[in-house]
Structure formats: structure tokens, C-alpha cells
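Asker: Read off the chains here:
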Amino acid sequence: MRRMIANDAQHESYDKIAQELRRGVLILAALSQLKEPKYGYALISQLSENGLGIDQGTLYPLLRRLESQGLLESKWNVEEARPRRYYVITPTGAAVLQALIKEWHDLATVMNTLLKP
Amino acid sequence: MELIERYLQTIGRALPEKQRADILSELRSSLYDALEERSDGTSDEETAAAIIKEMGPPQKVAASYYPAGQYLIGPSLYPLFQTILQIVGTVVIVVQLVLIGLSVVSSTAISVFDEVGGIVSSLIGALGWIVVTFWILQRLEVQPDPEEAFDPRKLPALEKGFDPVSRTEQIISIVASVAGLAFLSRFAVEGGFTWIDGTGFFENPVIAQYFPWLVASTLIGVALDIVLLWRGRWEVSTRVATILSNGFSLGVLYFLIQGHNAYLNAAGMPGMFEDLSAAIDGLVLRQPMAGMVVFRAGLSIAALVIIVETAAQVYRLVWPRVGGGIAPKLGVMSVQR
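Chains as they are written, first to last, in my numbering: chain A, 1 to 117; chain B, 1001 to 1337.
Pulled out of the complex, with its shape left as it was, chain A reads as follows (with noise of 0.2 Å):
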């Protein structure tokens, strides 16, 4: 994909607007990702092993965020080698998550119709 783009400038103005594509999905991915009880890097690892890359930057404010939304709980575990933060969806969490399903499923029928060539 990155070949297509010809110099560093549009490289750079790629980057941002590819970033806010995916930027739109991280919401989703995470919630899908958190039936289980989770900490932060262990989800990081699992979206990066299936293609979604993401930062630990951008990642733990999002859990933050969505947390005081009241779509994850959290707890911490003294138990292992060091402490950690588990996240897990909570019931409001999962209705939206079916919502955001169907959003996600719909959206995508749209854009195939428009981006056919």
C-alpha cells in the first residue's frame, strides 16, 4: 500500500488520515477482545497477533476512558510477578458491543457498495 504513495509528504498526510481510519475501530476491537478478563499489554499482544497494531500510548487511555463510561470494570491483581490491571466488558459493555456488531456489519455493507470500482 505504502509503495503507492509517491513522496514523504504525502507519506506523512497518508499515515494521519490511515491512523484516523483506524483509529475509528479501536473501540470495537478492544470490547470484542475483553469477554475474559484481560491486562493491558496481554491485549496489546493479542491485537497486534491478528493484524491490529496499537500503542500502549493510545491503548491504556482508551481502557481508562471506556471504564468510566461503565463498558469495562477493572481490578487490580497483586497476585503474579508484578501488579496488574485486568480489564473485563461489563453488561453494559456487551449490549453496546452487539450494537456496535450490527453498526460495524451495516457500515461495512455501505462502503463495499461505494468502493466498488
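Derived from the structure by calculation, the hints contain no laboratory data. Where hints are given, some of them may not hold.
To be verified - To give a feel for the contact side, a few chain B residues facing chain A, derived at Cβ under 7 Å:
#, residue
1, Glu1026
2, Asp1033
3, Gly1056
4, Pro1067
Glycine included, C-beta positions come from ideal geometry on N, C-alpha and C.
For chain A, the structure is supplied; the task is to place chain B on it using the hints.
Answerer: Chain B alone, transformed into the frame defined by chain A:
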């Protein structure tokens, strides 16, 4: 690992106090997890540096924990801020002009630099207070009232064309008026006019009598000039305001000139422009009465200039350079004007 701790310490300084410990604990465990995962033989410190670099500058990391963004005055409050600035700015300028007028009339000497400096510092002071107030509102996350749905029918009417004000003209006018005010204030303080070197002394009881009116008409002129500079273009309202202000000035001048006439006639001096050159010689020789004659001539010329200018304003009001105006549409002819 010292590097990681130093990083966390710097981030911590920019975090809200309540959540600081919690956020840092989480970040700490995450960074060490990353370090552990990436240990590949290179020194821990190099790996740590790489991880930290990826995470980003401490300020940026801390900033991402402020959901509303970090604004001095945020986007939702900014339009209100601009409106308040305009209103308060106008009030401050008007109040300052009134105060200048009062101090001139009450025979306090004014220095042009001090007065202008006073206006500027008042404006900056007001700006400071407004910014602080809005900063506080922003911190408290006060939201302005949601906009009522706007009615497209209430939008301002189309401006037909653009009749610009000559900024140079206005600035020259303001400078001249301010100089005039300074001149008048010397008169008020000293009870008469003197040459710059302090010699000679010309009383002018007529000007003394109408002094407040003279100051008022000068101030009104300055205020109008400021408004015109700000608006940048002529409108019906400003043209009318100029005509009225000129009318007021002409009224003041009329009484001044009549007063001079009465004074000079009583003293047996000649009519308007007879022996004007003699009068000017007399002025040079410091003869008091000559001052009155020259003043009368000067005031008359000023009155003539204002009459001509007012006539031009009336003309432009009825037949403006571009569109609008109050002339009835006469078809193609009026549009061409």
C-alpha cells in the same frame, strides 16, 4: 530500571494528581512487560530506550489522559469568548474616551502618550481578566447554552458590494483629533494659548465658554473614526452617524464663530476677512486681539471644510459608490453610479 522510572516520573508530573499513582502503576507494569518480552540479548537499557521512544514523549502520553483535550479556552467556549471580547473592548474604549474628555474639561493637563498608553493598557488588562475567567470556566468544564436552532430567515441581509473606508484618512483624522485634544488641554490648564516656547499669551474667552462642547465634539469624532476603522467600510448607519456628528460640530463652530464676532465687534475690530494679513502680523507681534481674529478665520475655514465634507457624505448616502443606498431605483442610471 532507572530509565523507565525516570520516564514515569516525568509523565507523572503532567498527570492529574488524583489518578497519578494508578495510571503510573499501570504504565509501569506495561513497560516492564514489554521489556521482558523483547529481551533479546541487547542491553536492557537499549531495549527500554526503544520501548520508551515508541510510547512517545512524556507530555504526549500525559495529554492522552485528558479526555477533553488540553485547552486554555476550548472550542465550545471560544465563540462566546470572542463575543465577550468585542463587547468589553468597545466598552473599555468608550469609557476611556469619556474619562479623557472629563480630564480635559476639568483642566487637568493630558499627555498624548499617557492617554494612548492608558487606553492600550486598559484593553490589555481587560483581555487578561477575560482570558483568566474563561480559563477557569474551561477547567470547570462549563458548557455554554446549546445553540438554539438558527433561523435561516433571520440571517443578515445581502451586502450589495463593499464601500471601503480609507484607513489612512481615519488614522490621520484620529491623530489630528488627539493632537487637538492635547492642544485644548494645554488651554484648559493655562487659561489661554501660548506659543510652544511659552512666550506670548492669548486669552480666548469664547473658547473658554464653549470649551466642553469643543471637547465633546472632538471626542465624538474620534469615537466615530475608531468605529469606521474597525468596520472597514461605509454603511448607511455610519454615514448617517458621520453626518450627525458633523452637524453637531458645525453647531459648536457656529456658536464659537458668533462668539468671536460679538467679541471682536464689541472691541471695534474689523469684519471677517478684512485686514487678515494685518491680523497675522499682529499675531506674530504677540498682540492678543490678533489671536481672536486669526482664530475666527481658522474656525470659519474649519466650518467650511466640514460643510463640504458633510455634503459629500449626503451625496454618498443617496448615491453610494456601490449598490445599496437610499436613492430610489431609477433603472440603469442609478446602478451605474
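Asker: Does each hint fit the structure? Answer for all of them.
Answerer: Results for each hint:
{"no.": "1", "hint": "Glu1026", "verdict": "holds (5 Å)"}
{"no.": "2", "hint": "Asp1033", "verdict": "holds (4 Å)"}
{"no.": "3", "hint": "Gly1056", "verdict": "holds (5 Å)"}
{"no.": "4", "hint": "Pro1067", "verdict": "holds (6 Å)"}
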